[in-house]
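Visitor: Sequence:
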Amino acid sequence: MAKNKDQRKEDSLSEVENALTKSEQFIEDNQKILSIVVGAIVIVVAGYLSFTKLYIQPKEETAQSQMFMAENYFAKDSFNLAINGDGNYLGFIDIIDEYSVTKSANLAKYYTGISYLHLGEYDEAINYLNDFETEDLLLAPIKIGSIGDAYMELGEADKALSNYKKAYGYDNELTAPIYMMKAAKYLESEGDLNGALELYNTIKNEYPDSSEGSTIEKYIARVETTLSK
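Residue numbers (numbering that gives the first Met the number 0): 0 to 228.
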């Protein structure tokens, strides 16, 4: 028995040695190619770091400072000035065009989309919001829900509802009840009372402390009364 164990141990050691020998031989045979590959990787990484530090970072800092006034106009609901600037300060579209590689330019797409939504230019709102990229758990559902708002205004209710569902699918107690309520109200207006009631009850049970939750009982009572007739 002990002899078998020793034999297996020797076999294992022999396999390891063979593998190491083959690896060493492969490295020796392909040393030139491997050196070129490693060198190329080093050059790419160094180039990326240099590009980021020497080009992107200064651009980002400038974009942030330039966007301050546009954000200020946005906060004051001066959406035209926020989008186009005032002649002295850049608007969001200028930031997008001149600083396209920056995070600020990406955020400017969000601001521009929301601004166009408020101005009633719904196709433009959809275009800019679709271009805005984010994984933020607050901005992502607002982006999608706002696209839903734009589609609803354009009379494309199916697309609006699809976006509302995506928006309230995010685990966010601030935004989920908002878009759930919008979807429920539309379903109720279209006669889908059971669908609306399901969403109203979800708001009641899962988001009772939200603004929507504080008034939800009247919507539930209204639908239940209609259904009972």
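In case anyone wonders, no lab produced these hints; they're calculated from the structure. No residue lacks a Cβ here, since even glycine has one placed at the ideal position from N, Cα and C. Hints should not be assumed to be uniformly reliable.
Derived SDA-like pairs: lysine to any residue, alpha-carbon spacing no greater than 20 angstroms straight-line [to be verified]:
| id | residue 1 | residue 2 |
| --- | --- | --- |
| 1 | Lys184 | Glu132 |
| 2 | Lys164 | Glu187 |
| 3 | Lys102 | Ile92 |
| 4 | Lys158 | Tyr121 |
| 5 | Lys102 | Glu134 |
| 6 | Lys75 | Ile92 |
| 7 | Lys164 | Lys102 |
| 8 | Lys164 | Glu132 |
| 9 | Lys228 | Glu211 |
| 10 | Lys164 | Ala220 |
| 11 | Lys164 | Ser210 |
| 12 | Lys217 | Gly190 |
| 13 | Lys184 | Gly212 |
| 14 | Lys102 | Lys158 |
| 15 | Lys75 | Asp96 |
| 16 | Lys203 | Glu187 |
| 17 | Lys165 | Ser213 |
| 18 | Lys165 | Leu118 |
| 19 | Lys164 | Thr224 |
| 20 | Lys164 | Gly194 |
| 21 | Lys102 | Tyr121 |
| 22 | Lys203 | Lys228 |
Computed beta-carbon distance windows for the label pairs [claimed, not checked]:
| id | residue 1 | residue 2 | range |
| --- | --- | --- | --- |
| 23 | Gly190 | Phe67 | 42 to 52 angstroms |
| 24 | Thr214 | Lys158 | 20 to 30 angstroms |
| 25 | Lys184 | Ser227 | 31 to 41 angstroms |
| 26 | Asp170 | Gly86 | 41 to 51 angstroms |
| 27 | Gly86 | Ile219 | 24 to 34 angstroms |
Visitor: Evaluate each hint against the coordinates.
Guide: Hints and how they fare:
Taking the CA atoms of lysine 184 and glutamate 132, the gap is near 29 angstroms; set against the 20 angstroms cutoff, the hint is violated. Taking the CA atoms of lysine 164 and glutamate 187, the gap is near 15 angstroms; set against the 20 angstroms cutoff, the hint holds. Straight-line distance between C-alpha atoms of lysine 102 and isoleucine 92 comes to about 14 angstroms, which keeps the hinted pair within the 20 angstroms bound. About 13 angstroms separates the Cα atoms of lysine 158 and tyrosine 121, which keeps this hinted pair within 20 angstroms; it holds.
Note on lysine 102 and glutamate 134: the hinted pairing holds, with a Cα-Cα distance of about 13 angstroms set against a maximum of 20 angstroms. About 18 angstroms separates the Cα atoms of lysine 75 and isoleucine 92, which keeps this hinted pair within 20 angstroms; it holds. For the proposed pair lysine 164 and lysine 102, the alpha carbon gap of about 27 angstroms is over 20 angstroms, so the pair is violated. Restraint check: the Cα-Cα separation between lysine 164 and glutamate 132 comes to about 19 angstroms, which is no more than 20 angstroms; the hinted pair holds.
A hinted pair counts as satisfied when its Cα atoms are at most 20 angstroms apart, and lysine 228 with glutamate 211 does not qualify at roughly 26 angstroms. Taken as a hint, the lysine 164 and alanine 220 pair is broken in the structure, with Cα atoms around 23 angstroms apart against an allowance of 20 angstroms. Pair hint lysine 164 plus serine 210 holds up; C-alpha atoms about 19 angstroms apart against a cutoff of 20 angstroms. Distance hint between lysine 217 and glycine 190 is fulfilled; the C-alpha atoms sit about 17 angstroms from each other, no more than 20 angstroms.
The straight-line distance between the Cα atoms of lysine 184 and glycine 212 is roughly 14 angstroms, inside the 20 angstroms bound, and the hint therefore holds. A distance of roughly 28 angstroms separates the Cα atoms of lysine 102 and lysine 158; the hinted pair therefore is violated under the 20 angstroms criterion. For the hint pairing lysine 75 with aspartate 96, the CA-to-CA distance comes to about 23 angstroms; that exceeds 20 angstroms, so the pair is violated. Using a Cα cut-off of 20 angstroms, the hinted pair lysine 203 and glutamate 187 holds, with the two alpha carbons roughly 16 angstroms apart.
For the hint pairing lysine 165 with serine 213, the CA-to-CA distance comes to about 23 angstroms; that exceeds 20 angstroms, so the pair is violated. Straight-line distance between C-alpha atoms of lysine 165 and leucine 118 comes to about 24 angstroms, which puts the hinted pair past the 20 angstroms bound. Restraint check for lysine 164 and threonine 224: the C-alpha separation of about 26 angstroms exceeds 20 angstroms, so the hint is violated. With a C-alpha separation of about 12 angstroms, the suggested pairing of lysine 164 with glycine 194 holds against the 20 angstroms cut-off.
At roughly 24 angstroms between alpha-carbon atoms, lysine 102 and tyrosine 121 are farther apart than 20 angstroms, so this suggested pair is violated. Between lysine 203 and lysine 228 the CA atoms are separated by roughly 23 angstroms; this puts the pair beyond 20 angstroms, and the hint is violated. The hint said 42 to 52 angstroms for the Cβ distance between glycine 190 and phenylalanine 67, and at roughly 48 angstroms that hint holds. In this structure the supplied range 20 to 30 angstroms holds for threonine 214 paired with lysine 158, their Cβ-Cβ distance being about 27 angstroms.
A beta carbon spacing of about 20 angstroms between lysine 184 and serine 227 contradicts the range 31 to 41 angstroms that was offered as a hint. One distance hint, 41 to 51 angstroms for the beta-carbon pair aspartate 170 and glycine 86, holds here, with the actual separation near 44 angstroms. Glycine 86 and isoleucine 219 have their C-beta atoms about 52 angstroms apart, which leaves the hinted 24 to 34 angstroms range violated.
When each numbered hint is compared with the structure, violations occur for hints 1, 7, 9, 10, 14, 15, 17, 18, 19, 21, 22, 25 and 27.
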